[in-house]
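**Q** Top to bottom, those sequences are chains V and L.
Sequential numbering of the first sequence, starting at 1, is according to the working numbering.
Sequential numbering of the second sequence, starting at 1, is according to the working numbering.
Since the hints were made in silico from the structure, they are not lab data.
Hints are all accurate, no fakes.
With a cut-off of at most 27 Å between alpha-carbon atoms, the simulated DSS-like pairs for lysine-lysine come out as follows:
#, chain 1, residue 1, chain 2, residue 2
1, V, 46, V, 72
2, V, 411, V, 387
3, L, 53, L, 10
4, V, 46, L, 5
5, L, 5, L, 53
6, L, 53, V, 387
7, V, 72, V, 387
8, V, 153, L, 5
9, V, 53, V, 153
10, V, 387, L, 13
11, V, 46, V, 78
12, V, 163, V, 230
Being a predicted model, the structure only gives us computed values, none of them experimental.
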Amino acid sequence: MGKTFSEKALGRNVGRDVVAGEIVQARPDVCLTHDNSAAISATFRKLGIDRVKHPERLVIILDHCVPAAGTKYAQNHKTIREFVAEQGIEHFYDLNIGICHQVLPEQGHAVPGSLIVGSDSHTCTYGAFGAFSTGIGRSEAAVTWATGEIWLKVPETMRIEVKGELGEYVNAKDIALKLIGDRGADGGLYKALEFTGPIIEVLSISSRMVLCNLAVEFGAKNGYTPADEKVREWAEARVPQGRRREIEYLVSDPDAAYAETVTLDMTGVGPQVACPHTVDNVQPVEAVAGRPVDQVFLGTCTNGRIEDFELALQLLRGRQVAAGCRLLIGPASREIYREMAERGLLVELIDAGAVVINPGCGPCLGAHQGILADGEVCLSTMNRNFKGRMGNPNGEIYLASPAVAAATALKGVITDPRAL
Amino acid sequence: MADSKLIEGKVWKYGDDINTDVIFPGKYTYTVTDPAEMATHALEDLDPDFAGKVQAGDVIVAGKNFGCGSSREQAAFCLTANRVGAVVAASFSRIFFRNAINAGLPTIELPQVIDQIEAGESLAIDLGRGVLTCGAGEFSFPALPPEVIGIVEAGGLVAYTRRRLGTDTAT
Chain V
1 MGKTFSEKAL
11 GRNVGRDVVA
21 GEIVQARPDV
31 CLTHDNSAAI
41 SATFRKLGID
51 RVKHPERLVI
61 ILDHCVPAAG
71 TKYAQNHKTI
81 REFVAEQGIE
91 HFYDLNIGIC
101 HQVLPEQGHA
111 VPGSLIVGSD
121 SHTCTYGAFG
131 AFSTGIGRSE
141 AAVTWATGEI
151 WLKVPETMRI
161 EVKGELGEYV
171 NAKDIALKLI
181 GDRGADGGLY
191 KALEFTGPII
201 EVLSISSRMV
211 LCNLAVEFGA
221 KNGYTPADEK
231 VREWAEARVP
241 QGRRREIEYL
251 VSDPDAAYAE
261 TVTLDMTGVG
271 PQVACPHTVD
281 NVQPVEAVAG
291 RPVDQVFLGT
301 CTNGRIEDFE
311 LALQLLRGRQ
321 VAAGCRLLIG
331 PASREIYREM
341 AERGLLVELI
351 DAGAVVINPG
361 CGPCLGAHQG
371 ILADGEVCLS
381 TMNRNFKGRM
391 GNPNGEIYLA
401 SPAVAAATAL
411 KGVITDPRAL
Chain L
1 MADSKLIEGK
11 VWKYGDDINT
21 DVIFPGKYTY
31 TVTDPAEMAT
41 HALEDLDPDF
51 AGKVQAGDVI
61 VAGKNFGCGS
71 SREQAAFCLT
81 ANRVGAVVAA
91 SFSRIFFRNA
101 INAGLPTIEL
111 PQVIDQIEAG
121 ESLAIDLGRG
131 VLTCGAGEFS
141 FPALPPEVIG
151 IVEAGGLVAY
161 TRRRLGTDTA
171 T
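Please model the complete structure; the sequences and the hints are all you need to start from.
**A** Listed below in structure tokens is the structure:
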């Protein structure tokens, strides 16, 4: 019997054949933490250990509340910087580099074939680079720092075959929302989620990141898109010399055992919108078009890349955001922000009436930036719309693609981009 | 609580897909770290009555996918801070399941029983025997995998790891 990507990746990590269902003691190649690193360091100190076991395997990125929105956040960051200095953590990215799930692969830490854990649920994003990557909690991140090990159950795999054609203004975000809307937020519970099919093969790395980013909203443990030529191109440009020998492009065997195969036919599927207050409350955009929106947030680790802003500008270029609607633009990293500046995309967005915020999680977390007033509605390209997510339980959040976000900002109501 | 195998308390009943944003809101995740303060915010956006009225040993009973969403372990720790005895659900979200183990919070998956348990009723759980007793009767539940049972029994991952590493100086 052949093996799935997940069985291969975890087997490679522990040095023997494994099958789905087994619990293994794995040794992550990378452990990612962010603003929660201060809290994690406090737990780490309770373990009675002085030194992080493998400091070179830690990646620490400040992104959740940057720049610090109050003294507690500022102290939090200070504590992290002190810990980084004390332990000699090489891969520390301060507030000026960007959102962790964008920065980690940009900086070459998403090595194909590797095992990455992170104290953030959207760590599943790096399946787009052929890595087995999954979210864990703060306490186990602290124990991973101390011991270099973590228990993981080898997941069964659910394969999603995406067929048909992507219509006008339909993209990876719509594929993910359609899947989650059809099958529910627990449709992929505990499973490794593997996307295959001709549509997936032609998607850019940026679009594949969207799919893998949303895997956790489907209940999945990790996401995966094929470790193919596009991944090879990315890895050859980004993975530093010192880690090149670790690269392995793992793919599922044709005769691998899948728990389930689901076919998702995108023919005739239009732009999708997740309605308040769950990600699986999905409707076609036509069903919700016309609802007034106070704020549009276009950014985040889900859809804050060049491809997303280029798509948005197809609609926004030369036009104005509707009166009474606030458009927030959040480039996912300094690298993206810089490219937008150099290519004039920032000026075009500013001229359209947008507020451009610094790369960071910002409005997505509800800790600062873009918090909603009572009764306000926000349409966002982020990955979660739970009640209170943007800092106010009396607000409403819709999720959609950058195309729907841009169209909505132009009209001040939820808008089908195909209608413009 | 780590050594007690018998849990007895009142049922707090909720529905499906109870996410970690309503269990412990994101706006507190970096600013509220003291367990007593965390306890006051538990389930704040779902049930404002919970934090003030929950008693030690009470049990949360919920539908499928309990604890979905953000990986924040405060969702589990704010419940242990309130001395919640256990969470019984039709299914658990993966990261919450791990965080509950790490917090020493017993999680019990019993999809076939959830509908038979009433809000406010008294419930008893014998972790050692793997039996839940409620108004509808006695129900067996499977034990946690052997690889992780020790973590819950030790009272959580920190206590467990200290023992493993030999840095445990508690008497």
